[in-house]
Amino acid sequence: MAKIVIAGSGFAGHYAALILGDKLKGKHDITVVTPNETFNYIPSLIWVGVGQWPVEKTQFPLKPVYDKFGIKYLRGFLTEVHPDENYVIVQPYGTQESKRLDYDYLLVATGPKLNFDATPGLGPDKGYTYSVCTPPHAVETAKAYLELVKRLEKGDKAKIVVGTGHGTCTCQGAAFEYITNIHNDLVDRGLRDRVELIWLSNEPRLGDFGIDGLEAKKGSLIFTSEMMAEAIFYDYGIKYEIRSHVHKVDEKKIYIENLDGEFKEIEYDFAMLIPPFAGQPIKWIDKDGNDIKDKVCNPAGFVKVDAVYGKPYEELDGPDWPKTYQNQTYKNIFAAGIAFAPPGPISKPGKSPNGTIIAPAPPRTGYTAELSGKAAALNIIDMIEGREPQNTASMAETAGLCVASMKNGIFSGMAGTIAIYPVARNRAKYGEYGRDLNLCVAEPGRAGAWFKLGLHYAFLWKLQGKPFWKMIP
Amino acid sequence: MPQAKFRFSDSDRKKMYSVISQLFRAISLAFHFLKLVKITDRGFKTH
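Just so you know, the sequences run in chain order H and P. Residue numbering for the first sequence follows this note's numbering, beginning at 50 and increasing consecutively. Residue numbering for the second sequence follows this note's numbering, beginning at 12 and increasing consecutively.
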């Protein structure tokens with residue numbers, strides 16, 4: 050009987066657990082280690098952060114699902130991995146204790162550490178800005194936003210800044226959703242004319258979203274995500290500062306530097322800025338007690354897998370992206386979702402004349418995270434059954450499906466539907482653009498709002514393992 | 012601060028907000044999504 054430990058219960062870890070539970074139930078020992086009591090459907094936190102949805106609507110308890118699939122659930126933090134001796138140390142939630150857990154196969158899918166400390170003054174805990182990256186953050190953001198709304202109703206005016214809080218952030222799409230939902234919420238409340246909305250981001254151009262933007266064929270024309278974002282910002286009266294790194298935030302101002310080396314200060318009354326991500330603070334220790342984190346992880350703390358690392362951006366191409374998500378030093382360790390180390394950025398990285406790095410990191414959330422989790426889970430089964438890992442989900446060979454909500458609602462909703470194939474440009478296979486433009490889509494409309502709602506309910510259904518869950522992609 | 016350059020036409024906006032037009036787009040996009048999922052699933056070889 051093989052022992053499988055999955056660290057993390059987000060899109061990658063939870064989906065991998067369901068696949069393994071479904072295929073190996075009763076035959077092998079599967080344990081999920083996670084500090085969370087609930088699965089959190091992060092894409093819908095946007096509506097929580099605007100005060101339109103209760104957070105409970107985006108969650109379900111994990112334990113009943115794991116019980117159904119014969120999976121052990123250990124609520125706690127993964128603190129150490131001992132890959133030579135095949136065990137991990139877990140700190141059970143709410144204690145200072147340590148618990149040893151042996152494994153034959155380990156899947157690291159812990160998601161990111163939200164690295165607010167990278168920018169002084171960033172974040173709701175030690176700083177002045179808000180975030181929608183976790184359920185508690187989204188609830189706190191909604192509270193602050195609704196307090197601002199009350200002041201606006203009394204006749205105040207305000208400046209709202211939304212975007213990224215560091216030059217190396219990813220998940221610009223979530224911030225885009227937040228600013229457009231804020232716009233539409235303020236329009237519905239009759240308060241939009243009292244607010245100046247500003248988009249602040251590290252993207253080299255509008256609509257980049259950390260994926261180097263996208264181009265889609267529309268008849269004989271090529272429509273880009275840059276054109277879509279520009280047109281939406283024009284219609285919504287949103288001003289923007291892009292190509293920017295945030296140096297610090299204080300009570301009244303955000304201090305930025307752009308790729309031209311210009312330093313600027315933006316005054317604000319309310320700001321929602323996505324933090325940069327880092328790997329979780331996990332110790333990697335060899336049999337002699339030495340710290341081997343440098344060997345297993347990249348400098349940001351993400352776990353290295355079967356990618357080609359170290360190439361400059363200009364040389365990086367499709368074949369360099371990981372396929373099986375297997376660590377190459379320790380073959381029984383896999384990493385998926387945000388926890389795996391990408392070989393480099395998808396967006397063009399930049400540096401200001403002052404040496405400040407402004408380089409969006411590649412997003413690997415949602416559907417992409419799920420695919421990597423699925424590949425890792427199936428490859429663990431391959432190894433248990435005596436085969437080499439054969440299942441692949443390279444970001445340079447898989448689609449990205451993303452619906453960016455701009456307003457929730459069946460009859461009045463609006464969203465940008467984005468389909469991209471493949472996510473990471475693969476010029477070796479698709480030539481000039483590195484993507485199949487006939488398969489890419491970028492279009493705003495009511496249809497997107499229906500998709501966004503549909504995906505919410507479909508994913509929650511699937512991830513609870515309800516009847517026919519396997520039929521939902 | 013720079014301002015956006017590309018603009019939607021009135022016809023674009025009409026299509027985006029029209030329920031009938033969007034119903035057809037939703038059906039078309041749903042099939043397109045399924046096609047992409049099928050292509051993506053080619054990587055899963057042994058299960």
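Please note that a few of the clues may not be correct.
Derived pair list, reagent style DSS-like, types lysine-lysine, alpha-carbon separation capped at 30 Å [stated by the list, open to error]: (1) P:Lys56 x H:Lys519; (2) H:Lys267 x P:Lys56; (3) H:Lys74 x P:Lys49; (4) P:Lys25 x H:Lys515; (5) P:Lys26 x H:Lys76; (6) H:Lys72 x P:Lys49; (7) P:Lys49 x H:Lys288; (8) H:Lys478 x P:Lys25; (9) P:Lys49 x H:Lys511; (10) P:Lys25 x H:Lys117; (11) H:Lys301 x P:Lys26.
These are computed hints drawn from the structure, not numbers from a lab. Bear in mind that the values here come from a model prediction, so they are computed numbers and not experimental data.
Please write out, lowest number first, the hints stated earlier that are contradicted by the structure. Violated hints (numbers, rising): 2, 4, 5, 7, 8, 10 and 11; every other hint is consistent with the structure.
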